Structure formats: C-alpha cells, structure tokens
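K.L.:
Start from the sequences, fold in the hints, and give me the full structure.
Protein sequences appear in the order of chains A and U. Be aware that the first sequence starts at 1, since it is given in the numbering used here, and climbs by one per residue. Be aware that the second sequence starts at 1, since it is given in the numbering used here, and climbs by one per residue.
Hints should not be assumed to be uniformly reliable.
[As the list claims (entries may be wrong)] Cβ-Cβ distance ranges computed for the label pairs, FRET-style: (1) A/R250 with U/S54: 51 to 61 Å; (2) A/V117 with U/G171: 32 to 42 Å; (3) U/P169 with A/V68: 47 to 57 Å; (4) A/A303 with U/G171: 21 to 31 Å; (5) U/F174 with A/N194: 55 to 65 Å; (6) U/R240 with A/E128: 58 to 68 Å.
[Stated by the list, open to error] Which residues of chain U face chain A? A partial, calculated answer using Cβ under 10 Å: (7) L32; (8) L36; (9) L279; (10) P318.
The hints are simulated quantities; they were obtained by calculation from the structure and are not laboratory data. Because the structure is a prediction, the values reported are computed rather than measured. All residues carry an ideal CB built from backbone N, CA and C; glycine is no exception.
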Amino acid sequence: MLDQLFTAGFVISFLAGAVRMSVPILLPALGEIFTERAGILNLGLEGIMLVGSVCGFWGTYATGSLLVGLLAAVAAGILFSLVMAFLCITVRANQIIAGTAVTILGGGLSILIFRAVFGIRMLPPSVEIFHPLHIPLLSKIPLLGPILFQQNLMVYLTWALMIVSGIVLFKTTFGLKVRAVGEHPRAADSRGINVILIRYICVMIGGGFAGLGGAFLSIGFMNTFLDQMTGGRGFIAVAVVIFSRWNPYRAMGAALIFGCANALQLRLQALGFPIPHQFLLAFPYVLTILALISVSKRAEVPAAFTIPYTRGES
Amino acid sequence: MKSGAGRTARILPAVLPPLISVLLAFIVGGLLLILLGYNPLEAYAMLFRGAFGSTNRICEILVKAAPLIILALGISIAFKSQIWNIGGDGQFTIGAIFSVWVALNVGLPPVLLAPLTFLAAFAGGAFWGGIAGLLKSRFNANEVITTLMLNYIAVYILGWLVLGPMMDPAGHGFPQTQLVGEALRMPILIAHTRLHGGIILALIMVVLIYFFWKTTLGFRIELVGKSVKVARYAGINVPRTMVLTMVISGGMAGIAGWCEVFGIHYRLLDHLAAGYGYLAIVVALLADLNPIGIIISAFFFSALMVGGATMERMAGIPFSLVDIIEGLVIIFVISRVIYTRWRGDRA
Numbered sequence: 001m002l003d004q005l006f007t008a009g010f011v012i013s014f015l016a017g018a019v020r021m022s023v024p025i026l027l028p029a030l031g032e033i034f035t036e037r038a039g040i041l042n043l044g045l046e047g048i049m050l051v052g053s054v055c056g057f058w059g060t061y062a063t064g065s066l067l068v069g070l071l072a073a074v075a076a077g078i079l080f081s082l083v084m085a086f087l088c089i090t091v092r093a094n095q096i097i098a099g100t101a102v103t104i105l106g107g108g109l110s111i112l113i114f115r116a117v118f119g120i121r122m123l124p125p126s127v128e129i130f131h132p133l134h135i136p137l138l139s140k141i142p143l144l145g146p147i148l149f150q151q152n153l154m155v156y157l158t159w160a161l162m163i164v165s166g167i168v169l170f171k172t173t174f175g176l177k178v179r180a181v182g183e184h185p186r187a188a189d190s191r192g193i194n195v196i197l198i199r200y201i202c203v204m205i206g207g208g209f210a211g212l213g214g215a216f217l218s219i220g221f222m223n224t225f226l227d228q229m230t231g232g233r234g235f236i237a238v239a240v241v242i243f244s245r246w247n248p249y250r251a252m253g254a255a256l257i258f259g260c261a262n263a264l265q266l267r268l269q270a271l272g273f274p275i276p277h278q279f280l281l282a283f284p285y286v287l288t289i290l291a292l293i294s295v296s297k298r299a300e301v302p303a304a305f306t307i308p309y310t311r312g313e314s
Numbered sequence: 001m002k003s004g005a006g007r008t009a010r011i012l013p014a015v016l017p018p019l020i021s022v023l024l025a026f027i028v029g030g031l032l033l034i035l036l037g038y039n040p041l042e043a044y045a046m047l048f049r050g051a052f053g054s055t056n057r058i059c060e061i062l063v064k065a066a067p068l069i070i071l072a073l074g075i076s077i078a079f080k081s082q083i084w085n086i087g088g089d090g091q092f093t094i095g096a097i098f099s100v101w102v103a104l105n106v107g108l109p110p111v112l113l114a115p116l117t118f119l120a121a122f123a124g125g126a127f128w129g130g131i132a133g134l135l136k137s138r139f140n141a142n143e144v145i146t147t148l149m150l151n152y153i154a155v156y157i158l159g160w161l162v163l164g165p166m167m168d169p170a171g172h173g174f175p176q177t178q179l180v181g182e183a184l185r186m187p188i189l190i191a192h193t194r195l196h197g198g199i200i201l202a203l204i205m206v207v208l209i210y211f212f213w214k215t216t217l218g219f220r221i222e223l224v225g226k227s228v229k230v231a232r233y234a235g236i237n238v239p240r241t242m243v244l245t246m247v248i249s250g251g252m253a254g255i256a257g258w259c260e261v262f263g264i265h266y267r268l269l270d271h272l273a274a275g276y277g278y279l280a281i282v283v284a285l286l287a288d289l290n291p292i293g294i295i296i297s298a299f300f301f302s303a304l305m306v307g308g309a310t311m312e313r314m315a316g317i318p319f320s321l322v323d324i325i326e327g328l329v330i331i332f333v334i335s336r337v338i339y340t341r342w343r344g345d346r347a
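P.N.:
Below you can see the structure in the form of structure tokens.
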C-alpha cells in the first residue's frame, strides 16, 4: 500500500488536488483579511459564500458565460455583505451574533433561490465549468508544472488576487487607512479618515471575495450547486486569517494546509488506508486551535477588533 | 386590578420587541417569497397547519423543543458572561457520546446506570466546553474560533466512532451504535407519539437555571459579563469563572445530547447534532437570554421546523424558508437598538 503512496503520479495528483482545494478557503480568507484589518469579524462569510455560489451558478447557467457567472457571484457577495456591514457598523450590533444571523440567512436564501429558479429535478442542472488551462512552458516543468500550472483560470485568478491584496494592504494609502481604522479608529478619524466608509468598503471587499470563493465551488470545481456545499469553508477561512496573522501571503500557506488535509483524506480513503479518514479531516481544525494558542500570545490582533466605532463618545 | 395593570406595563415592553421582530421577519420572508414566485399566504397557512394540525404534530414540536430549551439555557449562561460559545453542536455531540458509551459498556443495574449516563453526558459536554474555556482564560484564544473548531472535531470523532470502534456489529454497516437498554430510555408520555419525558426535564432545567442566577456563582458569572474590571475589583477570580462558565454551558449542551439520544434515537447516529447548537443561539437571543422566554422562543422555532417540513412536502415551498425566518428574526432583534437610538436622537 505504501508503494502506491509514493509514486510520482500519486504525489502529483495529491498536491495538485491540495492546490485546488485551497482556493475556496484562500479566496474568502483574502477578503476577510481586509475586513478584520479594519476591525470587523465577519462570521457571516459562510452564508455569503453560499449566496455567491448559487448566484455564480445561476449567472453561468442563464447566460452560458462563466465570466457573467463570476461577476454575478461577486455582485451577490458584495450586496449580501451589506447586511453584515449595516449590522456591525451602523447598528453597532454584536458581530458574532450578526455573523451567525447572516450565515443562517445566507444558507436559507441560497437554497430558496436555487429551488425557485431550477425547481426539483431528477438530474441536477449543470454547467460547463472552468477547464484546466495549461500555461505554456511553465506547465512543462517536471513535478511543479502539473501541480501548479495545469489548474483552471480561477486558481490563477486567486493567486493574482493574493498578490494584489498584499500590495493594496501594505503599499497603498488605502491599505494604510484600513490598518489605521482597525488599530486606532479615533486617531484615524481625527486625521480625516472616514472610519465608517472604510469599514463598509472592507466588509464589501470581504463579501466580493467570499462570493467568488463560493462560485469556485459551483462553477470552478463541481458543475452544480448543492445545499450547504461550502461545508464550513467560510468558518475555516476565518480561522485561516487568524492563523496567518492577517497576512495574505501567509494565508495561502495556511489555506494549503487545509487543502492538503482535504485532498489527502479523499485519496487515502480511496486506497483504503488504515488511518481513519476522519482523523485527517479533523487534523486542520486541531492545528487551527494550536495555532490560535501561539498567535494569542503574540497579540497581533488589530487593536479595535470587533469594537464598533462611535464618533464623539470617549 | 391595579397590580394586574402594573404587571402588563412591565411585561409588555419585554414581550413587544421580540413579537415585532418575528412579525417583521415574516413580512420580509413573505416579500422574498413573492419575489421568487411563491405565494406567501399559502406558505404561511401550510406552515401553521403543518405545525398545529394534529396532536401528533404538537407532540413533535415538544420533542424538538426539549433539547433546544436545554441547549439555549446553556448558551444563555455563556452569553450573559459575554463568552460567545457557539460550540453547542460539539458539546451536544460529545455529551451524547459519553452517555452512550457508559450505557453500552458499564455493567450496573439500570437504577444506577441511568443517572450515570446523565452525569456522563454532562461531563462530556462540560469537558468539551471546558477546553474552550481553558484556552480562553490561559492563552486568550478566541472562544468563537475554538468552539467552532471543536464542533468540527466532535463531528469527526462521532463519525469515526459510529463507523469504527462503536459501530453496531449487527447494523449492516450503518453508521450507528447498538441500541441502549430499554430500561435506560426516557418514558413516552403519550402513546403512539414520540413525545418523551425530555420536555419535563427541560422545564426542570428552566427552573434550575432561574434559581441559578440567584446564587453567588450565577451572580459572579453575570458580573464578569458586565465588566471584567469591576469583577476583578470585586475580588472575583475571572479566569476561573470563565472556565466554570464554559464548563456549565457545555455541560448543559451535553444534557441536551442525552435528551435527544435517550428520548428519540436510543443510539448514536452520524451527524447527531445537525445544527441544533446554532439554532439554540437564535432561541436564546430572541428570548433575550431569559429562561422563561427561552421556553416560548424554543416552542416557536420548533413549531417553525415541524410546520416547515409539512410546508415543503405539501406545498413544495422549500424548508429553507424556515432558516431565512430564523436569520431575519435575529437581524431584527439586534437592529432594535437603532430604533431606540433614533428616537433618543430626536428627543
């Protein structure tokens, strides 16, 4: 059995799978980094992803264009995240409760939309999804080629977005404002930064990314929408963000760990490996808790994290 | 007469906001239905008839309400202390696992074994909640994330047990354990229904928690929730109180797991908790964490679930409408402050 594990074919397909599986975690995590850097914990990601997932599928199905599907998912994610933004920023509600509400609402809404549009069918409706795109030259590199450069467009898009996120966050004025708002909203306000606006934008960025992450599942990985198909990835993304200490590049590493565990358990299960696959599935969650312990000591949490901002109160 | 009026004046402000929140949730839910091409009046009529159409249905509501009340009471303890325990599902699951393990493996007469399974359920839930409490007090690890992660871990542990070490050898490969002994099961209250003693247990728990808030420990937990600083000045050991809060909160969830297993399934099944822990949060919040309110709120949401299942079967309107209403109810409950704030601004 072990020789089956260490063939090049197995390793390549496993690692390529891990890269693919990391995408629906990395995408929402990237957006959540902005949201959390601005001081808001969006636990509604799971619900937003589901809405993005169904809208991405619907858009693609209705127009036959994957691009329209992606745009629909992003738009739906942004729109739906406004509920979260309103609750956390304008109402100044408890963010954990608001996030729970948005997750429950999004789960229900996504199913209702899917049933209303497609009804109940013997065979689920399906679309042509993003096909693997072999990048010239790079995809020919032994080992790395098939793992990294024979993926579909959404995977490459995710990497591009990761780099863009890193640049925006650390190298632009907007990024500086975001971090200021999360660290010291009062000081930011006195410098003329519109705290409320920045926070709204950051929740919406998170919503757009989450919508995209949801769409990856329905039109970039599977070819249909399934009830609760995110399977907790929105929550895992929140954990990945903390795990990565609010850094887009480290978030990719963290998302890959989850991707590996997921890809490995699928393959080991198929081979009938003696380690219970549930242990492999549970491993990343245990790892997250351990990582949280090590992060907590260093206290790099944005100082105004989860604290609503009110002008004038001291 | 006078005292009656005084009572109304006291109760009305407490009852009106949740009622309005529920009403608004139904209105917005109805608008969504229209938008998606469904008839909301038909949906709500089916929902109502499905929930209250027969004795059997009403019994089903009570069957669902029992674990929900106990879970929500547990949640309310943590939330009052500003500890955001969203690990109800995991604590429920581990409690159920502990109790079934005891029921299947400990050789004692039922008189002794039955209470032991109950204690085991509490211990299981308390252990799982206590982990998160300890991590919070020791390492300042955010309990939202840890309880959430522990939910997934608990689900996988259960999945492994019912397919592995605890699987029923005569179960034809189904992911389930053997049945627990008949003498250990909760009695059925009304013949030919599933209504079991759990609802009575839940009501006893409500009374217990009502008095719990009047004890020193209850007071300490509430004070930590109001202000950690004040609590510290008052000489309260804050970290210890936090752990204890999570232990009790988790233990309650464990008891809810016991109630579900020994009242309905009589064995462990895969995915036992199925989101009860999250629903309990909604229940507790609508009730404003008040024990009596939790009874009403749990009854309401259980009725929604029972009615929703019928609505889907009979009228073809997706059950997910129930989730939408749940989500909307919380949104309106927490948005209430904005109304009072606007009114305050104008005054």
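K.L.:
Could you run down the list of hints and mark each one as holding or not?
P.N.:
Here's how the hints hold up against the structure:
About 57 Å separates the C-beta atoms of A/R250 and U/S54, a value consistent with the hinted range of 51 to 61 Å. In this structure the hint that A/V117 and U/G171 lie 32 to 42 Å apart at CB holds, the actual value being about 40 Å. In this structure the supplied range 47 to 57 Å holds for U/P169 paired with A/V68, their Cβ-Cβ distance being about 54 Å. Between A/A303 and U/G171 the Cβ separation comes to about 54 Å, which falls outside the hinted range of 21 to 31 Å.
A hinted range of 55 to 65 Å for the beta carbons of U/F174 and A/N194 is consistent with their spacing of about 58 Å. Between U/R240 and A/E128 the CB atoms are about 59 Å apart, so this pair conforms to the stated range of 58 to 68 Å. Interface hint status for U/L32: upheld, as the beta-carbon distance to the closest one in chain A is roughly 7 Å, under 10 Å. With its C-beta approaching chain A no nearer than about 4 Å, U/L36 sits inside the 10 Å limit, and its interface hint holds.
Annotation: interface hint on U/L279 holds; nearest CB of chain A at approximately 8 Å, less than 10 Å. Checking U/P318 against chain A by beta carbon gives a least distance of about 4 Å; that is within 10 Å, so the hint holds.
In summary, the structure is inconsistent with hint 4 from the numbered list given earlier, while agreeing with all the others.
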